[in-house]
Amino acid sequence: MNCRQFEKIIVNLTCDQLADAAERCEALAHAQSCALCGARLARQQTVAAGLSALATQEQALNAPVHIGASLMAAFERQQTSAAPPNVLSETIRFRLFPLLNWRWAAAMAAILIIAGLAASLRQRPIRQSLPIQNEIAAEVTLPVNQSTGDETRPAVKVAPKPKRNRIAQHNPDEYGELISLMPIAPTETEEFQQVVRMQIPRSTLRLWGLPLNEESDSEQIIAKVYFSEDGVARAIRLHN
Amino acid sequence: MKKSLDHLGDEELLRQMSAGDSLAFAELYRRWQSSVYRFALRMSGAEALAEDVTQDVFLTLMRDGGQYEGRGTFSSYVFTITRHSVLRRLQRERRFISFEQKTDVEADNELPFEEAILDEDPLAQLARNEMIEAVRQAVQALPLHYREVVLLCHLHELSYAEAAEIIGCEIGTVCSRLYRARALLGKRLAALKSEPAPQLNLARCSI
Numbered sequence: 001m002n003c004r005q006f007e008k009i010i011v012n013l014t015c016d017q018l019a020d021a022a023e024r025c026e027a028l029a030h031a032q033s034c035a036l037c038g039a040r041l042a043r044q045q046t047v048a049a050g051l052s053a054l055a056t057q058e059q060a061l062n063a064p065v066h067i068g069a070s071l072m073a074a075f076e077r078q079q080t081s082a083a084p085p086n087v088l089s090e091t092i093r094f095r096l097f098p099l100l101n102w103r104w105a106a107a108m109a110a111i112l113i114i115a116g117l118a119a120s121l122r123q124r125p126i127r128q129s130l131p132i133q134n135e136i137a138a139e140v141t142l143p144v145n146q147s148t149g150d151e152t153r154p155a156v157k158v159a160p161k162p163k164r165n166r167i168a169q170h171n172p173d174e175y176g177e178l179i180s181l182m183p184i185a186p187t188e189t190e191e192f193q194q195v196v197r198m199q200i201p202r203s204t205l206r207l208w209g210l211p212l213n214e215e216s217d218s219e220q221i222i223a224k225v226y227f228s229e230d231g232v233a234r235a236i237r238l239h240n
Numbered sequence: 001m002k003k004s005l006d007h008l009g010d011e012e013l014l015r016q017m018s019a020g021d022s023l024a025f026a027e028l029y030r031r032w033q034s035s036v037y038r039f040a041l042r043m044s045g046a047e048a049l050a051e052d053v054t055q056d057v058f059l060t061l062m063r064d065g066g067q068y069e070g071r072g073t074f075s076s077y078v079f080t081i082t083r084h085s086v087l088r089r090l091q092r093e094r095r096f097i098s099f100e101q102k103t104d105v106e107a108d109n110e111l112p113f114e115e116a117i118l119d120e121d122p123l124a125q126l127a128r129n130e131m132i133e134a135v136r137q138a139v140q141a142l143p144l145h146y147r148e149v150v151l152l153c154h155l156h157e158l159s160y161a162e163a164a165e166i167i168g169c170e171i172g173t174v175c176s177r178l179y180r181a182r183a184l185l186g187k188r189l190a191a192l193k194s195e196p197a198p199q200l201n202l203a204r205c206s207i
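Those sequence lines, one after another, are chains A and B. The working numbering numbers the first residue of the first sequence as 1 and each following residue consecutively. The working numbering numbers the first residue of the second sequence as 1 and each following residue consecutively.
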């Protein structure tokens, strides 16, 4: 055996994967006679032993316990809510979607609502309740066109400036107290551009930073969301 | 009475998990979490990334496990998902771990590695741990395409065919990468051994 032939089989030789016993003996004999190949073999045996020891030591290495707990909780939630498995615990959700905080959620909700409003105003008279669907159905209190009182025409086309809604206009018995979604709490008399009645899963409230029991995440609730002029959700009232 | 799932194969567990059996999911997680986490950890060198990858992999199994068609081994399936997740995250975070490359030294200076391993003396045990750490660092310092074949074939004991399936290349490519990787590891370990400072001096300690 020459050095080139030895080089071809050296990996199998060190891993004890050389099936041919005669070839193995020949290779070992060559390693003893050739200093260079002997050094190569010693080096490869060192690597093989090191990798084996490393593999043995790392057998005991496990993923942190909290990952298993989070995944189990996510699996259970997936089964109970029949939702896609991206409904995760707080930790997982914010790792996967770091930008998904309450501001983004509020902005997205506002965009969806405004788009829905624009579409509905083209076809429906004002103050018409939208049927409540499963998740994002909304009954929207639209701006009232007082100048003409014409309910068959869209308000946005007739009214130069819509009247703003006040919180006081709503029956306080049906809904709970006003909960601020902003760092500065709104006052009872503060004016809002839009008030939207929404049926939403409780987990959405978590996105707005409201403390909730995780077990009730999948429940649907009715709430009124108060939006300011810039389309940002300012406050919320939960239905009693 | 708690039912035992030990006798079930991974494919069957995956099927039951897709049908909503949480015990099957727990068993599958118990069996595979360590392999997934270790592979991700050694590929990336970052614990946080390895944790995220572990979550990714099992979330993918939750979501797409029902689509597993049984082509190839289950270990290939899991490691393929893991590898893709690691590479995607490494690319996104540009968190490639770079190590200082050492100069090569003559192989004649090497000490027989097995001698320290076989000795049960506490000092030898310490030396053994240091050497394992040296091997770990040497593996981590390999280029990514060499590192992954070493991890798959040596640390996770997959066959060359399985490694080729996971990486998406020919078996010959796996063999050649493995050969070059081992050559690099040999040089790296020889270089580490030649460094006087981090070496454990048994003679001095025994006084």
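Simulated from the structure, these hints should not be mistaken for laboratory data. Please note that a few of the clues may not be correct.
[What the hints assert, rightly or not] Partial chain A-side listing against chain B, Cβ under 8 Å, derived:
id: 1; residue: Gln32
id: 2; residue: Gly68
id: 3; residue: Glu76
id: 4; residue: Gln79
Model, not experiment: these values are computed from the prediction. Backbone N, C-alpha and C define an ideal beta-carbon position, used for all residues, glycine too.
Going through the hints against the structure:
A distance limit of 8 Å between C-beta atoms decides the matter here; for A/Gln32 the minimum to chain B is near 15 Å, and the interface restraint is violated. Given the 8 Å rule on beta carbons, the hint for A/Gly68 holds: about 6 Å separates it from the nearest Cβ of chain B. The interface hint given for A/Glu76 is met, as the beta carbon of that residue sits about 6 Å from the closest beta carbon of chain B, less than 8 Å. Contact between A/Gln79 and chain B, as hinted, is supported at the beta carbon level, the nearest pair being about 5 Å apart and thus within 8 Å.
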